[in-house]
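Listed below are the residues making up each chain.
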Amino acid sequence: MLTQVLLIAAMSSALYMLLALGFTLIFGILRIVNFAHGEFVMIGAYAVFALTSGLGLGYAAALPLAALLAGGLGLLAERALFRRYAGDELGGMIMSLALAITLQGAAAVLFTIDQQSVERPVTGVLRIGDAVLPKDQLFVAGFALAAVAAFHLLVQRTRFGLALRAVAQDPETLRLQGVSPRRLYPAAFGIGCLLAGLAGALTAPLYTIHPYMGETAILKAFIVVVLGGLGSVPGAIAASVLLGVTEAAVSTWLGVTAATLTSFVAVMAILLVKPTGLGGRA
Amino acid sequence: MRLEIEGLSVRYGAVQALEDVSLVVPSGTTTAIIGANGAGKSTFLKAVAGLVPPQGGRILVEGRDLAALTVEARHALGVVLCPEGRRLFPDLTVHENLLAGALRRKGRAAVAADIAAVYDRFPRLDERRGSLARNLSGGEQQMAAIGRALVGRPRLLLLDEPSLGLAPGMVRVMADAIRAIAAAGVTLLLVEQNARLALTLAATGHVLEAGRRVLSGDAAALIDDPRVRDAYLGGAETASPASPEPARSW
Amino acid sequence: MSARIRSFAAAAAGPALLAALVLLPPLLGRPFHYHLGILVGINALLALSMQVMLRINQLSLAQAGFMGLGAYASALLTRDIGLPFAAALPLAGLLPALLAGALGPVLLRVRGVHFVLLTFALGEVIVLVFVEWVSLFGGNNGLLDIPPASLFGTALRAKPAFYALTAATLLAALALCRWMTRGERGMIVAGLAGNEPLLQSLGVDALPHRCALFAFSAFLAGLAGSLYAHYFGYISPEAFGFWTAVNALIMGVLGGVTLLLGPLTGAVLLVPLPELFRDAIAYQRLFYGLALMALLLFLPRGLLGVLRASKGSTP
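So the sequences go chain by chain: A, B and C. When the letters of the first sequence are read in order and numbered with the numbering used here, they come out as residues -13 to 268. When the letters of the second sequence are read in order and numbered with the numbering used here, they come out as residues 175 to 424. When the letters of the third sequence are read in order and numbered with the numbering used here, they come out as residues 331 to 645.
Among the hints, a few may not be true.
[Claimed, not checked] Cβ-to-Cβ under 7 Å is the rule here; a few derived chain A residues that face chain C:
id	residue
1	Pro50
2	Ile80
3	Ala84
4	Ile87
5	Thr88
6	Val118
7	Ser166
8	Leu170
9	Phe208
10	Thr248
11	Phe250
12	Val253
13	Ile256
14	Leu257
[Claimed, not checked] In silico negatives: residues of chain B with every beta carbon more than 12 Å from chain A:
id	residue
15	Val325
16	Gly326
17	Arg346
18	Ala384
[To be verified] Stretches of chain C that chain A covers, calculated by requiring three or more beta carbons in the stretch to come under 8 Å of a beta carbon on chain A:
id	segment
19	452 to 464
20	479 to 487
21	507 to 514
22	612 to 619
Hints were generated in silico from the structure; no laboratory data involved. Ideal Cβ positions, reconstructed from N, Cα and C, are used throughout, including at glycine.
In isolation and in its complexed conformation, chain A is listed as follows (with noise of 0.2 Å):
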């Protein structure tokens, strides 16, 4: 039982990650709240769900091509609709509001809103003792892990990394070095928006698929990236882990209401002791 537990626990924690991780960054470099971060999870999903038993693609290669079609749709996004925003939260939030409208209509249009699942790619449990785990959630919890780690090293190993963490910091200093804020704002966001996608590819063998998905994803991201601080990457990580524990605990034992519930509480509980964070700096 314990075993299962922290498996769900760890599972999640690490969708959660993938999810506040891009939300937290693209936050943190364009200053923009992007309501429609769990729209990208839903493109990551239905593109799965289009590529495998549309186009016959195995999830192997549909896993991959869903991620980077939300990461590059991303990226089309914050050219055409969110780069004018940059340092105005209140319009670039009612902006991403009006794309996460969009993009749930034209799931809607394409796919219908009736759910839709995606085959398991993988199936069987694994038994350690008397702990019965099954494969696809130690699959989904081991490559989303992979990939927060492969973030994490873009971020800290890489020049690329550098500027981002150096704009999210002080955009004018970065100028002042010769690099303009605007040129890194394509690739934030199409980072982002491709974690996003990533989880919700991830997902779409374990949970439905329907236009609306989203909305549960984003819930999460805000949760998570409150209690961390907006912005800040380790205290994304950080509440990433402290949700998926309290919510696998707590669900397993009073419900998914519960879980919910004591989340909220959490958030608000923590947001009036220290407005700023877990992570932030006031």
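Use these hints to put chains B and C onto chain A, whose structure you have.
Below, chains B and C alone, put in the same frame as chain A:
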């Protein structure tokens, strides 16, 4: 790198920060701009770097008008501003801050060599290369800020208040560093409230008052000018940090 | 001379627009037009409540939750306790106002995006309580058989009568908002939006004023909820969720965030939109989203904002 300013005017809303300022910084020299707080010194450097748009006048580098160039494009030409208050990236390490200064450049080896040169110049930075910038002392921050500017390969370096808030010993370290930068052939435009320090480092000096250039001349002559002495050298708070400097031994 | 005419025209334009909008349903005269008018009025009230907070640069996504509180309060007070509607309507406003007033001192310490996220969470908690507290709020099924609104012993079953009630409530709310933004009070509101240090230097303590405005905005949302409950006779939690708040926000932005008539104008434009797309129900959401994006891209200051700008540009 020769800098020519013709009739520069900048206003922030209703406030006229600079009015019809003209001056020339000859290539390979050090020029100081002194003046009281709010005289427009920092605005002047920001206008040259491209951070504030002028309402009138021209800024020419090697005869080329900078008006159409962004901050980033000016940096690529070699016009580098080391801003007031250091403005390091607080959550990057010292080493990462130096790397950030070279983000525009290609060629890892050359960048690494420049960073090594910065560590040679400021051994203290080498010791603290892994520390976050937010945890540095004021003097260490100023070293890192100058180092970061140098890694950007400046041809015209704009230094805004490098001695602000530093202890006398640290002011001497900065003075030595600035002299070394000038000796390497970088054209320097130095803005300082510490007029004595600035005028001992520079060949030429200009005095700004309420956004206007009121006095210019040979730096050595300005130090002895009674108007400068009364307004900018007489006050105890400006004189004390620089006073231990042997005035004209270089 | 022409300047005086122009300034008179500018002063008369607002009331004229308001009168034209309010009189539109009676002039058209069909029940369907009254129905749309009522929906516009309720939505405009909610959008107005959101605008109150936007005036001090705070976006509150809890307004739909406050509207829900008003709706449930009004429904339970009339249906289960037997209170007359005339008493339930103001109580439906006061209840969320009390909640906002109580939470305000804590919530309003937070600014910007964090306030948005915090009020988002508050809105979700309110809806979650409606869903989970089944014995009182009926869970996902909501509340049925809410008695119709009645005043002075007459039930306002007919659409024109309920429309009159909605219009009167909206006009009263607009008058309150106008009163709030005039004179010394208006200066304080403007100061809360942009220059709190100035207020502090004038000896005005900002937080109580911000709390009062938050409570006032919740009051307006509660009124909208009460009207909604008694018009439809049936309520359920999902009507007061995130997207209801978003729609109200979009109405305000579409009309013009800083203009008194902005929310109403936005509601007039957006509420009938689904009716236009009725034949293409599958495409409704897509068209709605695309229309919004186009408006944001091409009319970033809202429709009234554009009109006012072109008017004001003449010296």
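Status of the hints after comparison with the structure:
| no. | hint | verdict |
| --- | --- | --- |
| 1 | Pro50 | 28 Å, violated |
| 2 | Ile80 | 6 Å, holds |
| 3 | Ala84 | 4 Å, holds |
| 4 | Ile87 | 4 Å, holds |
| 5 | Thr88 | 3 Å, holds |
| 6 | Val118 | 32 Å, violated |
| 7 | Ser166 | 23 Å, violated |
| 8 | Leu170 | 20 Å, violated |
| 9 | Phe208 | 6 Å, holds |
| 10 | Thr248 | 11 Å, violated |
| 11 | Phe250 | 5 Å, holds |
| 12 | Val253 | 5 Å, holds |
| 13 | Ile256 | 10 Å, violated |
| 14 | Leu257 | 6 Å, holds |
| 15 | Val325 | 9 Å, violated |
| 16 | Gly326 | 6 Å, violated |
| 17 | Arg346 | 26 Å, holds |
| 18 | Ala384 | 26 Å, holds |
| 19 | 452 to 464 | holds (count 6) |
| 20 | 479 to 487 | violated (count 0) |
| 21 | 507 to 514 | violated (count 0) |
| 22 | 612 to 619 | holds (count 8) |
In terms of the numbered hints stated before, the structure departs from hints 1, 6, 7, 8, 10, 13, 15, 16, 20, 21, listed from lowest to highest.
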